[in-house]
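Colleague: The whole structure should be built from the sequences, with the hints applied where relevant.
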Amino acid sequence: MNIKKAIHILQSGSPVVVDGKTIEPEQVERVKLESGEELFWVRTDGSLWLSIDPSSDDLMFFQDIDEVPEAGDDTVLYNGEDYELSLESVGRMFDEEGEEIDSIEFKDFEAGADILRITAYEVTGDTVASVGTVVPEEALQEI
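Under the working numbering, the first residue of the sequence shown is numbered 1, with each subsequent residue one higher.
These are computed hints drawn from the structure, not numbers from a lab. No residue lacks a Cβ here, since even glycine has one placed at the ideal position from N, Cα and C. A couple of the hints might just be wrong.
Stated by the list, open to error - Dumping the calculated DSS-like pairs for lysine-lysine here, alpha-carbon to alpha-carbon at most 30 Å:
1) K32 <-> K4
2) K107 <-> K5
3) K4 <-> K21
4) K21 <-> K32
5) K4 <-> K107
6) K5 <-> K32
7) K21 <-> K5
8) K21 <-> K107
9) K32 <-> K107
Unchecked claim - Simulated DEER-style distance windows between Cβ atoms:
10) H8 <-> T75: 34 to 44 Å
11) P54 <-> E100: 11 to 21 Å
12) G72 <-> E138: 29 to 39 Å
13) D57 <-> S89: 33 to 43 Å
Modeller: Structure (structure tokens):
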């Protein structure tokens, strides 16, 4: 299954399988970055979520973690690993009806194939950390 079809299925509320795990969407948020790029963040009822970039066919599979590691300028230490800054972006988040629900800022740090994303939400004031990896499009399956 391709990325665009997966987005359509998830937006309709139906589940997909990603890397052997069933993702049942609780919320599909559209994130419009200042760069003009548009992402979809698909949240489950637990701590698992997807970040999907339809323009580049990038699919990232994340799990929220309990702690938010202290980030330096270009690095963050998590579980004994040094993660290096690879992306810094800001944008606005929209719900399924197109209503703006928050402004966000996030930073991605990488250590090998692992990604640590730290996201700050302006409206709620929350900061959330998640760890994940890039998943190939072939890991997507319909149920």
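Colleague: Evaluate each hint against the coordinates.
Modeller: Hints, one by one, checked against the model:
no., hint, in the structure
1, K32 <-> K4, "holds (17 Å)"
2, K107 <-> K5, "holds (27 Å)"
3, K4 <-> K21, "holds (19 Å)"
4, K21 <-> K32, "holds (27 Å)"
5, K4 <-> K107, "holds (25 Å)"
6, K5 <-> K32, "holds (20 Å)"
7, K21 <-> K5, "holds (18 Å)"
8, K21 <-> K107, "holds (25 Å)"
9, K32 <-> K107, "holds (15 Å)"
10, H8 <-> T75: 34 to 44 Å, "holds (38 Å)"
11, P54 <-> E100: 11 to 21 Å, "holds (20 Å)"
12, G72 <-> E138: 29 to 39 Å, "holds (36 Å)"
13, D57 <-> S89: 33 to 43 Å, "violated (18 Å)"
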